[in-house]
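Under the UniProt record's numbering, the first residue of the sequence shown carries the number 1, and numbering increases by one thereafter.
If you are wondering where the hints come from, they were derived from the structure by calculation, not from laboratory data. Don't take every hint at face value.
[Unchecked claim] Listed next, the in silico DSBU-like pairs over lysine-lysine satisfying Cα-Cα at most 35 Å (straight line): (1) Lys143 with Lys77; (2) Lys486 with Lys362; (3) Lys489 with Lys453; (4) Lys344 with Lys486; (5) Lys524 with Lys462; (6) Lys98 with Lys145; (7) Lys125 with Lys98; (8) Lys489 with Lys499; (9) Lys500 with Lys489; (10) Lys231 with Lys532; (11) Lys268 with Lys235; (12) Lys145 with Lys81; (13) Lys231 with Lys524; (14) Lys77 with Lys67; (15) Lys143 with Lys109.
[Unchecked claim] Label pairs and their computed distance ranges (CB to CB): (16) Pro288 with Thr466: 37 to 47 Å; (17) Phe160 with Arg269: 23 to 33 Å; (18) His347 with Gly373: 49 to 59 Å; (19) Phe483 with Ile537: 52 to 62 Å; (20) Glu136 with Ala436: 53 to 63 Å; (21) Gly219 with Arg510: 28 to 38 Å; (22) Asp322 with Arg269: 28 to 38 Å; (23) Asp148 with Gln218: 52 to 62 Å; (24) Met519 with Asn430: 39 to 49 Å; (25) Asp99 with Arg48: 41 to 51 Å; (26) Thr466 with Arg269: 51 to 61 Å; (27) Glu400 with Ser319: 50 to 60 Å; (28) Ser319 with Glu69: 49 to 59 Å; (29) Arg286 with Cys449: 13 to 23 Å.
Nothing here was measured: the structure is a model prediction, and the numbers come from that model. Yeah, the Cβ is synthetic: ideal placement off N, Cα and C, and Gly gets one too.
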Amino acid sequence: NSAEACDDFDDNITELAEGADILLPGPDVQTPSPFQRYLLSINLKYGRNLVVRNRRSATSDPYVKFKLEGKQFYKSKVVYKDLNPRWNESFSHPLRDKDHDVELRVYDKNLTADDFMGSSTISLKDLELHKTHELELRLEDPKSKEDDMGVIAVEVRLLFRDATVKRGPRFRPKKKQQNQGPTPRTSDPPKNQLKNQMWTGVLHITLVEGQDLPQYGQGDVYVRFRLGDQKYKSKNLCIQPNPQWREQFDFNQFEDIQEPLQVEVFSKRGRKGTESWGMFEVDVFRLPLNERQLYTHVLDPGRGKLVFLVTLRPCWGVSISDTDNPTLVNQDERDSVMERFSLKNTHQRLHEVGFLQVSVLKANDLPATDINGKSNPFCVIELGNCKLQTHTVNRTVNPEWNKTFTFPIKDIHDVVEVTVFDENGDRCPNLLGKIAIPLLTIQDGQQVCLLLKKEDLGRPSKGTITLVLEVIYNNVRAGVRTFQPKEKKIIEENQKFNKKILARNIYRVRKISTAVLYMLQYIKSCFQWESKQRSLIAFL
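Using the sequences provided together with the hints, build the complete structure.
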């Protein structure tokens, strides 16, 4: 990278740190040695009733240092003018043994010398392995006359180092669990049917940087995140000590999926394949709402650290109801939605662009998949990475669902995809037809009957579907969002085996192989001068 690009990296990461009110830890942390058997994970949560060190403003600017055997291994951000600060910083550190205590020291930030605000210790000997301990550490200072110097709340977890490094296969597609939807069904759902879930929150994740990564050799480094069936892969960067990603994306959080957030760092060196530099898990269900959490996690021994931010936001605008009582029919609820996206409230909740309501009424003349000339259809509605579905109507080609779905809109240029499937027992559902409707083409409140198409949306399929759609959005927020990159598809789909696709791919490989073989024979004949005229023209 050029020096100018590096300067841009530094400026952007500084702006991110200032906007988030965080101070990223420096690279003055020791590289873990292969003899370190334990991994200490600490979540610095908050302080309460800390002492006053700035007499003029009757407050303090506290930050925390963590030391082990007299050496500092982590320093928190500074929280200005607050005696009850919230840090929400999670980090990890490798240990050779647990015979020493971790010293926690709190300081008040000043322009010259920082003032001491008290200290405490964490006894590693008393910690039970693989268990999260919630501690409130009382601060003390033998030289101070103050009786109560406040407390610091932390969560501490001590693990065997081997348990975090030696893992089984990672990021392998999992079998989909049994469908547990919030809407009633006319029959028990099959195991492989698409999920019908209501998400209760949105995880906003910012991948910031790597620290002290190995610099030897050439190749790329990238990061993978996974939460249930949702996954995200970062862009590839050249291997360097401090790669700067600065990527942001969202994961939906579901009530019935209690899986942790999986994070893994990979390196790729030419044709040698990929190598994992470390994998760890984050329990996102313990995160407080609307509070940014900073994570600085140690990778495998000698592989450095990874820094990223996670914020849990409450979910708004997701619902499933009967068509008799949709959200926008109620005048009070409609007024509330209109007020939320009015121009005078543009400065609030800039990430919320608009609101979509889709009423799935019925389908007619669908393809028959059973021997008796019937099907078991259900309908899936997708908007970006958000997906909801109807119940299954058994033994009919003219189903009536009469369900209304609402979605929050993140990008007004998104497309609503409505897909009709046939429930197929324990096997993957069969696709009966699909349509795609750009949000900007929706005519509010009008009932439309659309022809279904094949999966590629290029050829017509059999049957029609009747919908009612309505969109409400803020023009200014939508315009601002237009200049940002389009959101990537992060929901992982289990692809079913298709004999037609396999046969087509075999034919393509055979055709390419034949063409290459013919070209090689032609070149050989030119060198052997089987035809002097042809060889002379070829060489010329």
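Inset, instruction - Below or equal to 35 Å on CA atoms is what counts here, so check Lys231 against Lys524. - result: The hint is violated at about 49 Å.
Legend entry - Hinted pair Lys489 and Lys499, Cα distance within 35 Å: holds (26 Å)
Legend entry - Holds or violated: Lys125 to Lys98, with C-alpha atoms at most 35 Å apart: holds (6 Å)
Inset, instruction - Given the hint of 13 to 23 Å, check if Arg286 and Cys449 actually sit that far apart at their C-beta atoms. - result: violated (48 Å)
Inset, instruction - Evaluate the given range 23 to 33 Å for the C-beta pair formed by Phe160 and Arg269. - result: holds (29 Å)
Inset, instruction - Indicate whether the distance between the beta carbons of Asp148 and Gln218 respects the range 52 to 62 Å. - result: holds (57 Å)
Inset, instruction - Take a quick look at whether Lys143 and Lys109 sit within 35 Å of each other, Cα to Cα. - result: Roughly 19 Å separates the two Cα atoms, so the pair holds.
Legend entry - Status of the given 49 to 59 Å range, CB of Glu69 versus CB of Ser319: holds (55 Å)
Inset, instruction - Decide if the proposed pair is consistent with the structure: Lys77 and Lys67, CA atoms, cutoff 35 Å inclusive. - result: Distance of about 16 Å is within 35 Å: holds.
Inset, instruction - With 53 to 63 Å as the target window, see if Glu136 and Ala436 comply at their CB atoms. - result: holds (54 Å)
Inset, instruction - Quickly compare the C-alpha distance for Lys231 and Lys532 to 35 Å and report which way the hint goes. - result: violated (60 Å)
Legend entry - Cβ distance range 37 to 47 Å for Pro288 and Thr466, holds or violated: The hinted range 37 to 47 Å holds for Pro288 and Thr466, with Cβ atoms some 44 Å apart.
In this structure, the hints that do not hold are numbers 5, 10, 13, 22, 25, 27 and 29, in rising order.
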